[in-house]
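Number of protein chains: 2
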Amino acid sequence: MPRPLRYAVVLAGGSGSRFWPRSRVRMPKQLLPIVSARTMLQDTVARVAPIVPRKRIRVVTARDHARAVRAQLPALGRRQVLVEPEGRNTAAAIALATLDLMRDRDDAVIAVLPADHAIDDGPRFRADLRLALDVAERTDALVTLGLRPTRPETGYGYIRPGGAVRGTSGRVAWVEAFIEKPAPRRAAALLARGRVLWNSGIFAWRASAILGALRAHLPALVAALERALDRRDPAALAAAYRRLRPVSIDTGVLERAARVAVVRARFAWADVGSWAALEGFWRTGSNGHNAIRGRALPIDSRGCVVDSPRRLIALVGVDDLVVVDSPDALLVCHKDRAQDVRLVVHELRRRGLERYL
Amino acid sequence: MPRPLRYAVVLAGGSGSRFWPRSRVRMPKQLLPIVSARTMLQDTVARVAPIVPRKRIRVVTARDHARAVRAQLPALGRRQVLVEPEGRNTAAAIALATLDLMRDRDDAVIAVLPADHAIDDGPRFRADLRLALDVAERTDALVTLGLRPTRPETGYGYIRPGGAVRGTSGRVAWVEAFIEKPAPRRAAALLARGRVLWNSGIFAWRASAILGALRAHLPALVAALERALDRRDPAALAAAYRRLRPVSIDTGVLERAARVAVVRARFAWADVGSWAALEGFWRTGSNGHNAIRGRALPIDSRGCVVDSPRRLIALVGVDDLVVVDSPDALLVCHKDRAQDVRLVVHELRRRGLERYL
Chain C
435 MPRPLRYAVV LAGGSGSRFW PRSRVRMPKQ LLPIVSARTM LQDTVARVAP IVPRKRIRVV
495 TARDHARAVR AQLPALGRRQ VLVEPEGRNT AAAIALATLD LMRDRDDAVI AVLPADHAID
555 DGPRFRADLR LALDVAERTD ALVTLGLRPT RPETGYGYIR PGGAVRGTSG RVAWVEAFIE
615 KPAPRRAAAL LARGRVLWNS GIFAWRASAI LGALRAHLPA LVAALERALD RRDPAALAAA
675 YRRLRPVSID TGVLERAARV AVVRARFAWA DVGSWAALEG FWRTGSNGHN AIRGRALPID
735 SRGCVVDSPR RLIALVGVDD LVVVDSPDAL LVCHKDRAQD VRLVVHELRR RGLERYL
Chain D
435 MPRPLRYAVV LAGGSGSRFW PRSRVRMPKQ LLPIVSARTM LQDTVARVAP IVPRKRIRVV
495 TARDHARAVR AQLPALGRRQ VLVEPEGRNT AAAIALATLD LMRDRDDAVI AVLPADHAID
555 DGPRFRADLR LALDVAERTD ALVTLGLRPT RPETGYGYIR PGGAVRGTSG RVAWVEAFIE
615 KPAPRRAAAL LARGRVLWNS GIFAWRASAI LGALRAHLPA LVAALERALD RRDPAALAAA
675 YRRLRPVSID TGVLERAARV AVVRARFAWA DVGSWAALEG FWRTGSNGHN AIRGRALPID
735 SRGCVVDSPR RLIALVGVDD LVVVDSPDAL LVCHKDRAQD VRLVVHELRR RGLERYL
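Quick mapping for you: the protein sequence lines, in order, are chains C and D.
Residue 435 is where the first sequence starts when you use this note's numbering, and the numbers rise one by one after that.
Residue 435 is where the second sequence starts when you use this note's numbering, and the numbers rise one by one after that.
Careful: at least some of the hints might be erroneous.
The list treats identical chains as interchangeable, and a pair is accepted whether it falls inside one copy or across any two copies.
Computed list of lysine to any residue pairs in SDA-like fashion (alpha-carbon distance at most 25 Å, straight line) [unchecked claim]:
#1 Lys-489 to Asp-568
#2 Lys-769 to Asp-667
#3 Lys-615 to Thr-573
#4 Lys-489 to Ala-658
#5 Lys-615 to Pro-438
#6 Lys-769 to Arg-729
#7 Lys-769 to Gly-737
#8 Lys-769 to Ile-733
The set of hints was computed from the structure by calculation and includes no laboratory data.
Can you make the complete structure from the sequences, with help from the hints?
Below is the structure:
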């Protein structure tokens, strides 16, 4: 039997509002050069391309962003960009891509990569992902990549690893339990005990394994998508999506599946959830006290995150601020409140200031 | 003997750097609409015009700003704008204007008005100024307007009033002492004791009285200006100015003069020394917690001063910030550090970023 082919499915459907004013309704963060000079989507594809040939990469995105995705990835063929009529969280996106892939190859092994993660060590990432794909291929398990926590983060889910998967030198463990995003005190306790891992949301599995798990735990979702795809009618798919309940692959499948393994990954990783998370990625200013991209002049200021591609931003006597400039709007936010940038978006919508969305 | 004519001399020579990025080298604060929809210079002239006919108003400004001054005050004749070759503080500006006026009228009574003060009650201001002019005319004293302190301000000079000037119902007192800008503890003590007044820098005096005092206390300055004016040669005036030592009328003359009186003025006044001083002048935002001019969306933010004529500024979870937007540069400054905005200007100059000055 020939070795199964490896595919990558890039999830680029997010519509995050936490990067306003840089991100907008039509331009979510994965389509923006937030971490590096390339967009996060371009970085994600480039990062996996050395181990998955481009023609076996698929990108799943929402209708509103399909044009931008194609423009940013001109090397991908038309069929490689899968367009969801609207966002319904990761379970639907993964099911759609899996069903689509299995028409070509029912023995595919798939790496699932969110397009909005920052990873700063490509070779180490690929080594870990390769290990995950190997384990997925060999054991039929659903494999997730886990990261060692470095702070009591309340924005991530955690994984408690159990016994080692044989033949991995302890690098891969069977998952004993998933732990939902914890409250601050619990997050601190988890960090202190040191046994758990962050759930990265990066996965590897056989197409048959994830489809079996989807059928077992979300049968209505799979059935609805299969019926719609059989009709080869965009309107049918749109109608199916409209009725789908949004559910993540984690809560919908992984937390209920029997054979889930976790790779103890070693690359530096961040789910870039807010401007504050970028502090470690941007070069710091001349005095080293602030994370600055673009033009800024900090005076007696520390711990600030500044993004201003065009205009000069002068800071005087301020600490721990996020300042982001854009042509028509500017954000000044306390770094501890970076998650609440979405409140701006809500408020703009409430006031009918759609031009800023 | 006919009643002496009243003149107003508006001092518009400042080159303040504390209103960057709105103020620039060629556009100091008095030429900007910082407090109201008119520029501070226009406000100053409009405020005094009901009691001093426009043709008897003089504006003293620096060469760099003469064109803008004339453009903002088209009703003033060419000779009404007196151009100093360069700024040498208030004693020189007042001496120049006085010498110029005395060619026309040696019995003039002059009101001296800085162009960069904010005063929110025109009628009360004019009543107090009229009283000062009356006392100056009647007593030959140098009269200053004093304001009741409302906070332990360290940025103003103080005046200790002594005995009442006769016939003023206690509204005007002889000055017992001038107190230089105090340290914070002394400012608090001055405020607590309650007897002192802020020195507004608004004056009234006979032309002959101030010229006599200038001759007595700054004889070299007066002599140099007289020689230059006699030659009617701009180059001679420029050469004279180059050699002048900058000195304020307060330290150069008033603190040493014998007969100085102070009016207990009753209008609301602010020497608009920094962005923070504008808090009381701008309408507050919809929730009343921030002073906003232009477009801003404050969320969980208090005590901020925001000036953004064009772009939307969103604030999230920040307190006591000054945020000022301009086409090419933006300021984010802690309100307590508003005086230090000039550090930005110094730093820009040091780095050769002249385009932002």
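**Study point:** Identical-chain pair category, Lys-489 with Asp-568, by Cα at 25 Å
**Key:** Within one copy, since 20 Å is at most 25 Å while 92 Å is not.
Practice item. Measure nothing new, just compare the shortest in-copy and cross-copy C-alpha distances for Lys-615 and Pro-438 to 25 Å and report within, between, both or neither. Key: Neither, since 35 Å and 82 Å both go past 25 Å.
**Study point:** Lys-615 and Thr-573: within-copy, between-copy, both or neither at 25 Å Cα
**Key:** neither (28 Å within a copy, 80 Å between copies)
Point to revise | Lys-769 and Asp-667: within-copy, between-copy, both or neither at 25 Å Cα | key: Neither: 46 Å inside a chain and 60 Å across chains, both beyond 25 Å.
Review point. Should Lys-489 paired with Ala-658 be assigned to within, between, both, or neither, using CA atoms and 25 Å as the limit?
Key: neither (28 Å within a copy, 85 Å between copies)
Point to revise | Up to 25 Å CA-CA - Arg-729 versus Lys-769, copy category | key: both (19 Å within a copy, 22 Å between copies)
Review point. What label fits Lys-769 with Ile-733 when the C-alpha limit is 25 Å: within, between, both, or neither?
Key: Intra 18 Å, inter 14 Å, cutoff 25 Å: intra and inter.
Check your understanding: Quick one: Lys-769 to Gly-737, C-alpha cut-off 25 Å, is that within a copy, between copies, both, or neither?
Key -> both (8 Å within a copy, 18 Å between copies)
Checked against the numbered hints above, the structure breaks hints 2, 3, 4, 5 and satisfies the rest.
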